[in-house]
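There are 2 protein chains.
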Amino acid sequence: MNTRRDFLQKLTLSAVSLPFLSFRNIVKTGDSSPGKLPAAAGADTGERSYDGPMLRVAIMGLGGYGTRVAEAMRSCTRAKLVGVISGTPSKIVNWRSKYGIPEKNCYNYQNFDAIKDNPDIDAVYVITPNGLHHDQVIRVARAGKHVICEKPMALNAKQGQEMVDACRKAGVKLLVGYRMHFEPKTLEIIRQRNAGDFGKIKFFQGLSGFIIGDPTQWRLNKELAGGGSMMDIGIYSINGSRYMVGEDPVWVTAQETKTDRVKFKEGVDETIQFQLGFPGGAVASCLSTYSMNNLDSFFLDGDQGFAELKPATGYGPIEGRTSKGELNQPHVTHQTVQMDRMSGILLAGEQPPIPVDGVEAVKDLKIIDAIYLAAATGKKVALAL
Amino acid sequence: MNTRRDFLQKLTLSAVSLPFLSFRNIVKTGDSSPGKLPAAAGADTGERSYDGPMLRVAIMGLGGYGTRVAEAMRSCTRAKLVGVISGTPSKIVNWRSKYGIPEKNCYNYQNFDAIKDNPDIDAVYVITPNGLHHDQVIRVARAGKHVICEKPMALNAKQGQEMVDACRKAGVKLLVGYRMHFEPKTLEIIRQRNAGDFGKIKFFQGLSGFIIGDPTQWRLNKELAGGGSMMDIGIYSINGSRYMVGEDPVWVTAQETKTDRVKFKEGVDETIQFQLGFPGGAVASCLSTYSMNNLDSFFLDGDQGFAELKPATGYGPIEGRTSKGELNQPHVTHQTVQMDRMSGILLAGEQPPIPVDGVEAVKDLKIIDAIYLAAATGKKVALAL
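Residue numbers (our numbering), protein chains in the order written: chain A, 9 to 393; chain B, 9 to 393.
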C-alpha cells in the first residue's frame, strides 16, 4: 500500500534532498552581482539574482505538504519562509531551528489573528485539512495579509465564493496552490495547443489515483476532507481538463463505485468516474480513485495532433510528448517556482500563465459540487462557470 | 481524413502484401513431411503441416474486409476459401481468377439458399453491412451450413438471439469474427491476469476511434450500420472490457456527443463515452468515436499490476506491456489464425481461448443496446448477461 506522499514523492526525492543543487545555491555561487538582473534570466526558474521585493511567507499547517513547501522555499529567490502557524508547539520549536524563524513570527490557531500587527509577514500559506480552509483563509484576510491556500480551496463552491468575497473586502489577494500552472512541460503543451498544433481539441482524458494507506488519516474523514479521492487527487483531473482543453466545461456526468465501505465511509468517495462536455464539442473522461495503483496521466487529442503527460501532476519530473515530439523542458521543483511566481503576483502585479486565484478555484469547486450531484442523482448536471 | 481501412491497415500492409513470408509458404518450404504433425508446433500460428479436415469457406460480401480475410486465408493451413456470394458479377469474376474459385461455388444474394445442395462448402463467412447479417445468417443456417459472421453480429440483442436460435434449430454452429480472441499478446495478458499477476482488477480503459472519411459509406447509414462508431469501432472496447477484466458488466452509463449533425445523422453516433461496472468492483471507462485521431488503446489496472495494449485491436502488430515487462509474442495475421482456429472449432470440436460464438456476440449486443439506452435516457442501465 502506498501513501499519498509516497506516490507524489517518489520521483522527486533528489530534488528536495540535494540542496547543493538548488537554484539558490546556483545564484549564490554564480558571478552575477547582487541587485543586478541578468538580461537573459527568466523569472520562471528563479535562476537569477533579484533585488525586487521579497515575499515573506508564514506557513499555516506544518504537516507533510507544509514541510515540502518549506524545503522548496529554501531555493526561492523572491519568497522566503519567515513564520509559522501551528497547533503543535514541538513542531514550532523544530521549524524555528530548521528554518531560522524568529519567535515573534510564530502563532497558534488561537492567536494568529494577531498577525495583522506583524509587519514582517506579507502572506500566509494555508496548508491545513480542506475543511479548515474556509474559516482560516477568512481570518487571515481579516488580518490584512495575502492568502495562499492549498487546493481544493474549500469544501464546496459556496464556501469558496465566501472566501473570495472576504479577501476582496479585506483588500488582500487570494491565490491557490495550483503548482502545475507554472510547470514547463504543461505550459509547452498549452503553447502548442494555442498555436493550433493539435487542431480542434476533441478529447481529454485524466486519470488520477493511488491506493491510500492509513485509514485514520484526515483525508478519509468527511468533515475534514469534504469527501474522498475527489477532494485530494481527483481535482488534478478536474483542473487539468480545463487547462489542457483550454475551455470551461458546460456539463458533467459521474458514476461512483465503492468496494470498501469500512475504509471509505459515507460521503468519502473511493472511486468516481466523471465526464465533462466542453462548449467546442470536446469531451473529457476522467477517473478519481483512492483504490488503484498510481494513476497520473493526461491525454489530449485534437483532430491534428495530441499531447500526453505521464506522470502529469506528480512532484517529480513530469514526462510527456506531443505529436511534435518529446517534451524536454527541464524539471523544476514545482513549489519553488510556484512561490517565486506568486511573489511576483502578490507584490509586483505580475500575471500567471494560467490563473491561480480564488476565482479559478471556485470554478473547480463548482465542478466538484456538480460531480457529487451527478454521481448521487445519476443525472447530467449543467455547469455555468 | 483517414478512412477506417487506412487506420486498421496502416501497420499490417507488409503482412498482407508479402505472401512469400506467409505461414503457408513457411510450411511449404519447411522440411516437415506432409501428413506429419511436428511435436513442437502449435495450432495457434498455423506453422505446421496438417492433415485433418479442411474448412471450406465461402465468403459473403466481397468488400474491403472480405478481401482482407481472403488474402489472410492464403496462409491458412486448416481453412480454405472455396466460394463466394456477391451481388456484383464483376467481383465474382475477379475473385474467381484471383483465388481459383470454381463457378459452381459462386452465388448471388438471390440464389444462395441453394448452397444447401453444395457438398463442397462447409461454412459461410458473412462480411456484409451489419444490417444485413440477421437475415443472411438465418438463411445460411437454414441451408445447413456453419456460419461465421462479422461483428457486430447484428443490430441489437433481439436480432442476435434470433440468429443464435436459428442456428441451433438448424444444427449448425455460429461463430463471430472476434479475431482478438486468438491474438497472442492479448492472450498472454489474460494468462497473467488469471495467474494473479495484476492482483484484484480495478479498472479498464478502452479508447476506440478514428476520423471516418466518405460520408456516403454504409457505416454512416443508420439502416445498414445500426448506429455509428459504436457499431463499428466501439464494439472493440465493449468486447475488450469483458476479456480484459474477465467478467461481464452489471451496469452501464453513457454520454453521447455530436458535433457534426450533417455527417452523423439521427441514430448515427459520432462519439459516445460509456462506463461499465463489474461484479468484482472494477469499473471501465471507454470511448467510441468517429471524429478523433486514431485511438486504439486498452489499459487494465489491478491492485498489484497493470497491462496495456496500444495498438490494442488494429490489424497490424499489437504492442503492449504489463507490470512484468514488454510483451514479445510474435505478430500473426489475425484473420489467418482466426480462420485456422475456427476450422478446429467447427470441424474438430476444439475450444477457443475466449468464446467466439453467437452467445458471446449476444452479450456484446446487449451491452450495445444498454449503451444506446443509457445515452438516450441519461440513466444507469442494469445488465444481466
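In case anyone wonders, no lab produced these hints; they're calculated from the structure.
Treat the hints with care, as some may be off.
Note that identical chains are pooled: a pair holds if it fits in a single copy or bridges any two copies.
[To be verified] Lysine to aspartate or glutamate pairs mimicking EDC-like chemistry, simulated, CA-CA at most 20 Å apart:
id, residue 1, residue 2
1, 266, 255
2, 318, 334
3, 181, 170
As the structure is a prediction and not an experimental result, all values here were calculated from the model.
Task: Homo-oligomer pair classification [residue 255, residue 266; C-alpha up to 20 Å] - done: between (31 Å within a copy, 18 Å between copies)
- [ ] Give the relationship of residue 318 and residue 334 under a CA distance limit of 20 Å: within one copy only, between copies only, both, or neither.
- [x] both (12 Å within a copy, 18 Å between copies)
Open item on the list: Regarding residue 181 and residue 170, is the shortest C-alpha distance of 20 Å or less found within a copy, between copies, in both, or in neither?
Closed with: within (14 Å within a copy, 68 Å between copies)
Checked against the numbered hints given earlier, the structure satisfies every one of them.
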